[in-house]
Amino acid sequence: MKAESIIGLLMVILLTGLFFYIVEDVPPYGDPSSPALQLVRLDIRVDAAGVEEELNSGMIPAALVEALAARNFVAPSEIEEVTAGEWDAKIDKGEFYYEEDEKYYRFKKEGNQIEVYRYAPVVRYLEKGLEETDVPNIVTAVIVDYRAYDTLGETTVIFTAGISVILLLRRRGKL
Amino acid sequence: MTKADGTGTYQLTAEERRVAAGRDLIIEVIASLMIPLIQLFALYVIIHGALGAGGGFQGGVILASSFILYVIAFGITGARKRLPESWNTGLQSLGVYIYAGVGLVCILVSLGFVQYLNYWALPLPVAYEMRRAMGMDFVEIGIGITVMATMTSLFFDLAWKEKEERKEVKESNEGGEKK
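If you read the protein sequences in the order shown, they are chains A and B. Position in the first sequence (first residue = 1) + 54 = this note's numbering. Position in the second sequence (first residue = 1) + 1314 = this note's numbering.
Any given hint could turn out to be false.
One side of the interface only, derived from the structure: several residues of chain A facing chain B at Cβ under 7 angstroms [as the list claims (entries may be wrong)]: (1) ASP97; (2) VAL189; (3) THR194; (4) GLY216; (5) VAL219; (6) LEU221; (7) LEU223.
Hint data in this document are derived by calculation from the structure and do not stem from the laboratory. Here a beta-carbon is modelled for each residue, glycine too, at the ideal position from N, C-alpha and C.
Construct the entire structure; sequences and hints are all you get.
Structure follows, in structure tokens:
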């Protein structure tokens, strides 16, 4: 009985340490190397001639809007230069699930063309999920790979519920 | 059980025991046919979670339902012998250990290079994408074990408690009559 208690205490300490060690390393919001925050290439290109000057002066180029509308993407409302040859574009709150003035597109000058990227983890999960994880079921890929911490917490919730019921109901004659 | 004339004891036959416990032959036969199929389906759901509909949570609950069906058909005493409390409690924590351990193995193997549950760091002799898929399978198995053990232990504890209470009430009533 004594040995069991000691082993149990050691296991509790080990599990606690394990959780602290793993959860300590959650990346801070905005960590650029976190997969959820990387940009997604939308495969939309516009000729850089003329468009680049308009972007630099903060105007919204008509050619770019046209190219985005051809793929049913929302037109940007504000352009902001990040570095030379890279621009962030925000969109207005057009639909209820967009934040006000959300950063939405990233335009990059690559060679002679302006390439359109997008800030959106969901698009990345859907478009690159199969390629990156080799799992055809995108729901499983998201809950167990991209959002694995969430599921670890859920499993721990179920575990804790079971342990609570054991503690409440399984003390026969010990009360 | 003592004989009618009180000279000794005799062993009950299977049929007599079944009648004494209020069990039914049809339910027992159907349950013994269904339980292996349910368990097989549960394992299929857990493993198939990566390819189609399914996953650890669903598969674990289906696996637990097979044990609950066993309790309903054959009584709780036999079920407790087949799946003892100690095993059940151990399995509950084993699932969480598998889940957290996969992440820890990734961190240890890569000497702290990876930050969080990056399954591609697992030491398996397959390609990058395949390692992620296999890491997901391990995690699904861990979830399944935890969910199965928790659901079974919930049901067993509640059922056992009720039975025990009934026995206590009966005993106290008998004691009152004697006084």
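Checking against the hints above, which ones are violated? 1 and 6
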